[in-house]
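Trainee: This is what each chain is made of:
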Amino acid sequence: MTGLIILLCILLIFVIVVQIGKVSEIAGKIRGDQEIEVDGNRINGAISIIFMVLFLVGCVVSAIYYEDSMLGYGPHVAASEHGVGLDRIFNVTLFFTGIVFILTQIALFYFAWKFQGRPGKKAMFISHDNKLEVIWTIIPAVVMTFLVVGGLDAWNDVMADVTEGEDYMEIEATGQQFAWTIRYPGEDGLIGTKNYTLINPNNPLGMDWSDEKNHDDMVSTGAGEIMKLPVNKKVRVRITSRDVLHNFDMPHFRIKMDAVPGLPTYFVFTPTVTTEEYRAGLGATDKNGDPLYPEWWEPSDEEDPESPMRWEAFQYELACAELCGNGHYSMRRVFEIVSQEEFDVWAASQQSYYLTTIRNTDEDPFKGRLLDVEIKSRGKEFKNRLETALASEAIEDKTLRFDYVNFNTGSAVLTPDSRYELENLVAAMSDYPNMTVELAGHTDNVGGADGNQVLSQNRAVAVMNFLAGKGISSSRMTAVGYGPSVPVESNDTEEGRAANRRTEFKIINQ
Amino acid sequence: MAEVTTYNEEVLIEEHGYDDHFHDHHHGDKYQSNFITHYIFSMDHKVIAKQFLITGIFWGIIGAAMSIVFRLQLGFPEENMAWIKPILGKWIVVNQDGIGTLAPDFYYALVTMHGTILVFFVLTAGLSGTFSNLLIPLQIGARDMASPLLNMMSYWFFFLSGSLMFASLFLSTGPFSGGWTAYPPLSVLPAASSGSGAGMTLWATSLIFFVVSVLLGGINYITTVLNLRTKGMTMWRLPLTIWAFFITAIIGLLSFPVLISALLLTVFDRELGTSFFLSDIYIGGEALDRVGGSPILFQHLFWFLGHPEVYIIILPAMGLVSEVLSVHARKPIFGYKAMVYSILAIAFLSFIVWAHHMFMSGVNPFIANFFVIFTLIIAVPSAVKVFNWIATLYGGNIRFNSASLYSIGFVSMFISGGLTGIFLGNSAIDIQMHDTYFVVAHFHIVMGIAAFFGMFAGIYHWFPKMFGRFMNETLGRLHFWGTIISAYMIFWPMHYMGMAGVPRRYYSFEAFDAFSHFDEMNKFITVFAIISFAFQILFVINFFYSIWKGKVVTTKNPWGANTLEWTTPINAGHGNWPGRIPSVNRWAYDYGKDGVEFTPQIVPLKEGEVDGH
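As you go down the protein sequences, you meet chains S and C in turn. Under my numbering, the first sequence has 422 at position 426, and the numbering climbs by one with no breaks. Adding 3 to a residue's 1-based position in the second sequence gives its number in my numbering.
Please keep in mind that the hints were generated in silico from the structure rather than gathered at the bench. Among these hints, one or two may not hold up.
Simulated pairs of lysine to aspartate or glutamate, DMTMM-like, Cα-Cα distance not exceeding 20 Å [unchecked claim]:
id, chain 1, residue 1, chain 2, residue 2
1, C, LYS554, S, GLU31
2, C, LYS596, S, ASP125
3, C, LYS559, S, GLU33
4, C, LYS340, S, GLU129
5, C, LYS559, S, ASP29
6, S, LYS117, C, ASP597
7, C, LYS554, S, GLU298
8, S, LYS118, C, GLU600
9, C, LYS526, S, GLU21
10, C, LYS552, S, ASP29
11, C, LYS340, S, GLU221
12, S, LYS224, C, ASP516
13, S, LYS117, C, GLU600
14, S, LYS118, C, ASP597
15, C, LYS526, S, GLU291
16, C, LYS554, S, GLU21
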């Protein structure tokens, strides 16, 4: 019903408007077309001037009103090294075009008003003026040259790829409908190879697990996960796509680059403002304590007045800027720019996607084999434990368990992978030439006590023989078999028994 | 205006005209003997022009209405849209509370269709198709196009193209929704978007027919201008309208075939399993066995047409505005030759700037160096044109009617939108501005609104020639002021959104903190979009009302113009001039020369008079 009423109202308005048109026509017949025309010229000439004034004032006023959205002004400053230069070029261009804009709009509407048709007046006959035309060809040409040179200079700097030997870190962003997957290179600093045919639910990027560079790579698919980057460090983003075109768009850093399936692209930038600093800028106050940018002093959640202020909740965002389907508007990710120290801590806490998700599953080409990266990380772990033990005063801290030394069931023959941890000990004993150790074998309580004692003794001896074979003097170590006599857990459960089957070394002298 | 200059066109043509023995061949018009051959399958360029115009208006209403629907989504995302469900059906999703929202798929379909319809159907066919057809034969003194048959076919291929596009609106999977640029892989893979199914098939087929239409028309325009100019009509005596249409047709002829190749390769990729534009794609749970292609190749092919296309749209508008401004300022167009050279320069440059649409698309950054230079060089001839239009107003005796107001409005829009092009053409600034609302503002103002203004100027100015009646002036001026104000209100604020980095083609801004605080502005824009739409309805009413009820034209040359179309009878039949065709003795811009208000081209030069200057 209301719809019908609205429809009728609209219809009525149009009927009225048409009637107005008709009335003016009839008036024309009565007063004469000429008089109507002169009136029309006067009225529309006046409107032209009013329009021109209001339009130009509106442009300036709106620019002031939206100053905080303008590039390089107020809170909207670039947070990257190159962005500052781009903002400057923008504003230089704005200055020149602004002058031309104002002068030409004034001239256009002013002349229209000034030279409106009047009875008896004659128009001037001016067909051309070569001198004038040459001037207004050359001026824009010169200004354009200036802008082109400035622009291209900056462009070629910004778009230049990293060069060899440069200090930078590389990360990878992969677009898909409708999310960004971010990959960090891990400790080796290298992003592993990938192939789209390898993509499956467990391998969202199609990483090639036989490439060891992939083994320490960190992959983040969760849209809510916050990624971090160190401030003032050059970052090369390798940009790829899994399906259709996307665009890696980070407006605060003045970054934009398409993600193209089959054609990796890149963008190199250096973030210069940490998230905390940017927030502080947004929430800045003047000397009276009033906010400089009041629009940022509103609750970030409109529904919840207690929520943090917008400036406090600010985050650098990654968006998609190339139409990619019906979820194009929802590809949000967050990056935090932090100090190098904070970044290092964060990076160390990130886990390798391969080691957490793929390692020793059927998809792992290295299933059942020890990887260099694991050997390295175990070595590091060993060293840390040893140093803690050496530093400790407590006697019970001096006993360390071999986590990765194993024997075939029921035998005293070392498994091949056991050698890595033993070699760690060899290295440690070479570093500490005064160190002497007791090598101890332990078993669970399954089987006869005598047999277990012998087995544990043999295992301890096997370890000692291995170390002796590596050049450690026998005088620095003793081998003892304890059998099941020193359990660390209850022997009633399988887990407990597994914990009790162990080889240890105790630092006697250091 | 007090002393009215008049000429007796019939006598002048009879004395100086050229006898082409027109009436020896025609006893009555055997080509237009009944209703169908006169009004439907007509070969008369004037009727075909009206067909293009009215079809263009039809598409204009549809395209504009689409923009209102998606603007409602952007301006009032929380409002209940269930009320349009009777029209949009399942594309309005109503939840349990009875609140209807626009489906994202259809939002993107609307955006895509809006772009396609406005760029191709309204501003190419509706603008260039209408006025090239109407004015080329009339202003060069020809009885019709070189090939009236091809001309008729040009319209009917356009009609076919439009019918297919219209049909695609009713598909259950929706019309094509991958943007008017139809970038693959999105446009090739139905798995990527429901609109890339049958919707894209119809879209591509429709556009292929559209190109056929443009090419048939273009060949005709070029041939006609080159071969059928009447006696004395040298190239340097052509009105700027004809120069614009002529060059536009050449640009179209050289660039549209490249679009065909892009579309055909897309169709091959879709239907035949080729991989011109595809490589390394995992979609719908499988890795496609399609490698070696490049999505960027499509972009090169598309923009090789796409960029000249914007000049195909704007040049005719420039031509119309130059003519209308000059006639109503009662002054010669300032710097006629500079205007022609500018058109030529713009046309040439339009072919070597296409990759400025692709700065951020993954092409080698080095090539941007060339495209930035050529792009910014375009600013020079464009600036010359603007200065010349303004100089044309200087010292004039300007009649403020709907036509001249729209011409002035055109110049204002062209300045506003052209200047933002200097930002975008500079690749360094484009990094931030690419695919944001700044771009939306730029191209809508410079080739959307400006081209519409040129078209409106043309319609108000030549309506008496087309229909023998005037459009209502009061409504026309109301239409103008309403439109220019609401157009600026819509597009000006978008610049600020663009500077803030808000990307275009977003269904909703809520997900991003950086983009979500423009609610008020989005409401404002939507309100003015609706107001603007209402003013266009006013125009449509005025247009159709005036066809039958408008003030009748009583003199042949109501505007006191110099060009040849005003020497024909008020309602000219097929063949345009009943007897001889007029011969031309001077350029088209002798307004106010030697104190005479206007001197038509058919008037012989006086003794010792120099033509032109």
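Trainee: Against this structure, judge whether each hint is valid.
Mentor: Consistency of the hints with the structure:
1. For a cut-off of 20 Å, the pair hint linking LYS554 of chain C to GLU31 of chain S stands: about 17 Å separates their Cα positions.
2. Restraint check for LYS596 of chain C and ASP125 of chain S: satisfied, since their Cα atoms lie roughly 16 Å apart, inside the 20 Å limit.
3. Of the pairs offered as hints, the one joining LYS559 of chain C and GLU33 of chain S holds, with about 19 Å between alpha carbons and a cut-off of 20 Å not exceeded.
4. A threshold of 20 Å between alpha carbons decides the hint, and for LYS340 of chain C with GLU129 of chain S the separation of about 11 Å falls inside it, so the pair holds.
5. Pair hint LYS559 of chain C plus ASP29 of chain S holds up; C-alpha atoms about 17 Å apart against a cutoff of 20 Å.
6. Restraint check for LYS117 of chain S and ASP597 of chain C: the C-alpha separation of about 14 Å stays at or below 20 Å, so the hint holds.
7. A threshold of 20 Å between alpha carbons decides the hint, and for LYS554 of chain C with GLU298 of chain S the separation of about 57 Å lies outside it, so the pair is violated.
8. The suggested pairing of LYS118 of chain S with GLU600 of chain C holds, with an alpha-carbon distance near 7 Å, which does not exceed 20 Å.
9. Restraint check for LYS526 of chain C and GLU21 of chain S: the C-alpha separation of about 37 Å exceeds 20 Å, so the hint is violated.
10. This hinted pair checks out: LYS552 of chain C and ASP29 of chain S have alpha carbons roughly 18 Å apart, not beyond 20 Å.
11. A hinted pair counts as satisfied when its Cα atoms are at most 20 Å apart, and LYS340 of chain C with GLU221 of chain S does not qualify at roughly 63 Å.
12. Restraint check for LYS224 of chain S and ASP516 of chain C: the C-alpha separation of about 18 Å stays at or below 20 Å, so the hint holds.
13. Annotation: proposed proximity of LYS117 of chain S to GLU600 of chain C holds, straight-line Cα distance about 10 Å (limit 20 Å).
14. The suggested pairing of LYS118 of chain S with ASP597 of chain C holds, with an alpha-carbon distance near 11 Å, which does not exceed 20 Å.
15. A C-alpha spacing of about 18 Å is found between LYS526 of chain C and GLU291 of chain S, which places the hinted pair at or below 20 Å, so the restraint holds.
16. At most 20 Å may separate the alpha-carbon atoms for a hinted pair to count; LYS554 of chain C and GLU21 of chain S meet this at roughly 8 Å.
Of the numbered hints stated above, those contradicted by the structure are hints 7, 9 and 11, listed in ascending order.
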